[in-house]
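First to last, the protein sequences are chains A and B.
Take 23 as the starting number for the first sequence in the numbering used here and just add one per residue.
Take 325 as the starting number for the second sequence in the numbering used here and just add one per residue.
Hints are computed from structural coordinates only; laboratory data are not their basis.
Don't be surprised by glycine CBs; every beta carbon is placed ideally from N, CA and C.
Covered, in the sense of this in silico footprint (three residues per stretch, anywhere, with C-beta under 8 Å from a C-beta of chain A), are these stretches of chain B: (1) 493-500; (2) 520-528; (3) 534-548; (4) 583-595.
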Amino acid sequence: MIDDGRPLFLQIAETIEESILDGTLAEESQAPSTNELAAFYRINPATAAKGVTVLTDKGILLKRRGIGMFVAAGAREALLRERRSAFADRYIDPLLAEARALGLRADDLAALLRERAASATTEGNPA
Amino acid sequence: MTAVIEVNDLTKTYKDKNALDRVSLAIEGGAIYGLLGRNGAGKTTLMSILTAQNFATSGEVSVFGEHPYENARVLSRICFVRESQKYPDDATPRHAFAAARLFFANWDQQLAERLVEDFQLPMKQTIKKLSRGQLSAVGVIIGLASRAELTFFDEPYLGLDAVARQIFYDRLLEDYVEHPRTIILSSHLIDEVANLIERVIVIDNGQILLNEETDAVRDRAVTVVGDAARVDSWVGDREVLHRESLGRVASVTVLGRLSDAERAEVAASGLDLAPVSLQQLIVRLTQRAGSTTQEVR
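The following block holds chain A by itself, in its conformation from the complex:
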């Protein structure tokens, strides 16, 4: 986890979300407990618990009494939807700002994007 200065509990919640998005934490599998998170990231257990609460409030994690935390069915899809809707704010706006500072127009940017995407697909498909 790279500390970016935001509250730790949010960073913990996001780290768990990343694991669900990339499939490391499969849906309906058991999620790490608060104490495991505290020990692994070397943080106060109350902070870890707060991060987990963010995800239970969103319905991403479910608490099964006496057993522990589980990844909800459909959690990955829900996170993808959320990330997609935040994508423009998070990535496109800063990209446009930087492009403007360098004197690149939106058209130039679109061309660049297509060019890079094309070479990425050929590299990504060796077969």
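Dock chain B against chain A, hints included.
Relative to the frame of chain A, chain B by itself:
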């Protein structure tokens, strides 16, 4: 939750200097607290009064709802690991642990033995002949293995190298998770303990400067870097904690949490944002407090 410690209008005067100046504070149980501040700020004085090793000049102190002075009921539930702990001349670590085992009802001998191995502490040497780090290890082991309901660690790391300090932090967290209790950790190594402490209490010049949840303090301030004119116009009348400049570039640390919209606005105007660590924030806050009382420029 009820308060484990209550301090009301506490003042401690040494000759003509106020080591503590009308401090009021309530500490709730079941959390790890960081007690931070500069040397001479009053941290050790506060802890020694709370553990009945020093007397208040005026004000009220209550621990577990009672007066701690000569109160065995209260004192048997407290462990104070102080930096300058004295042991009898011929005592070995084995003697110190045997004495602690008699005094602390929750003493865990197995944990103590494991920690002795972790810190590779020579058990048969007299404490007088131990290195500074080994002496600190004796205190750390007593502090952890005593499992007292209220444990104070006053700069427990002196002479401990980075590896040994990490062992301390890891064991503290592990044992705290298994056996929640109230731990008050005084430290100058703020960045090392920042993630361990649930609440941060900063004491400066005998007064409480900050008493907040650590995580809530993390985005209390932000540093904005970029073209000096643009930085200054963005800063406007925000409260500035620190400003430095290099040529036309300025780096200004301001107090206050930024909304996502404000962050976007900063990025759009070509300025960079950098997080402010707990350590930086406390350094800036104590400097600001110092300059308002002494008019230092």
